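**Q** Single-letter residue listing:
There are 2 protein chains.
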Amino acid sequence: MLYLSMELAEAKQKFIEAWGKLGSEWGINRTMAQVHALLLISPEALTTEEIMDTLSISRGNANMTLRDLIGWGLVEKQHRAGERKEYFFADKDTWNVAKQVAKERRKRELDPVIKILDELSNVKGDGQDPEYLTFHKSVTDINKLAKNVDKTLDTMIKAEESWFWGSIVKMFR
Amino acid sequence: MLYLSMELAEAKQKFIEAWGKLGSEWGINRTMAQVHALLLISPEALTTEEIMDTLSISRGNANMTLRDLIGWGLVEKQHRAGERKEYFFADKDTWNVAKQVAKERRKRELDPVIKILDELSNVKGDGQDPEYLTFHKSVTDINKLAKNVDKTLDTMIKAEESWFWGSIVKMFR
DNA sequence: TTAAACTTTCAGTAATTATTGAAAGTTTAA
DNA sequence: TTAAACTTTCAATAATTACTGAAAGTTTAA
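Which chain is which? The protein sequence lines are R and X, in order. Sequential numbering from 1 applies to the first sequence in full-length UniProt numbering. Sequential numbering from 1 applies to the second sequence in full-length UniProt numbering.
In short, the hints are calculated from the structure, not lab data. Quick caveat: nothing in here was measured; it's all calculated off a predicted structure. Check before you lean on any hint, since a few could be wrong.
Identical copies go unnamed one by one, so any copy, or any two together, can satisfy a pair.
The list that follows gives simulated cross-link-like pairs (lysine to aspartate or glutamate, DMTMM-like), each with its CA atoms no further than 20 Å apart [claimed, not checked]: (1) LYS99 with ASP150; (2) LYS99 with ASP68; (3) LYS103 with GLU25; (4) LYS147 with ASP118; (5) LYS92 with ASP118.
Modelling step: build the complete structure from the supplied sequences, incorporating the hints.
**A** Right under this line is the structure:
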């Protein structure tokens, strides 16, 4: 084997590991992040078997993980004329990936919390009671922050890539 | 018991649960998020015993969780004249809390990944090889995005609260 | 010093989360 | 139809992560 391809193989391995670790630190199943990483660096769509073999995971795991990735809008199924097998392909556009992840996590995790915070902000109590006052202040403050984050993500999701790269810079002048 | 205080007790419970759930979805230990939530809505500093009792957790768990929260810069130990007991108090300023969490996660998780991405961006390969080209493009794109996020967090961490609330709005004009 | 009042540690265990693999299900082509 | 080629499901199990509780450690006051 050539040295260059050795290096590339090692680098790919390292990327898959790093992506898996980052995912698990942020509440995303390690295997799911690794399958995503593998597809991100694969020029061609891969079959379930190729993914199973490369990552040493079972058929069941591969199948469910791929279904999840499709549910997150990060991967698509492809079919080839005259072939039964299914192929899986990841969107390689990093900006799309970021937007998609932001969109899903907002919907799945942030929005439900904002709903609860709205309810809790409306709980009435004795304006003299420090227990009530502290509760109320923390809840309303967190609610405001969460809504700001929500609005920011919403704008980001709708925005074009060029906006993002330009706007970050402007933001800090 | 009065109806109003019943409502408050329920609301507190709900807040602690919601915060714990959000934490665990984002890779933060559920108990740690719950202890933090409890301290956030407590006007006075609490003892280990009070926390143990309120959340039904063991002494060992409470002790280690509080140590972690202190390590995250979210909670401080307090002492009272003539008392052996230690009291724990959470910073109630939501903006500080957000900055602190951003700061720690950036240091613990984002920076190490950027280091790896820098290495992987420098892996050389055959410019004709689609395997190499796809790997290289994904890695460098993700690296750029990660560095942008890093820079944004850095600015946010150094910024004042007023900047945040004002700037978000300006950002979207 | 002693001992009471407290905090810390960590081996053992419980709870949670992820994975396997084989059986059931589906599709296609002959 | 049949059966080969494939995908999906899910109960059982493994791996990981979190928690307990009792013993060891520390501090303070008498």
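**Q** State for each hint whether it applies.
**A** Structure-based check of all given hints:
{"no.": "1", "hint": "LYS99 with ASP150", "verdict": "both (13 Å within a copy, 17 Å between copies)"}
{"no.": "2", "hint": "LYS99 with ASP68", "verdict": "within (17 Å within a copy, 32 Å between copies)"}
{"no.": "3", "hint": "LYS103 with GLU25", "verdict": "both (19 Å within a copy, 15 Å between copies)"}
{"no.": "4", "hint": "LYS147 with ASP118", "verdict": "within (10 Å within a copy, 34 Å between copies)"}
{"no.": "5", "hint": "LYS92 with ASP118", "verdict": "between (37 Å within a copy, 19 Å between copies)"}
When each numbered hint is compared with the structure, no violation occurs for any of them.
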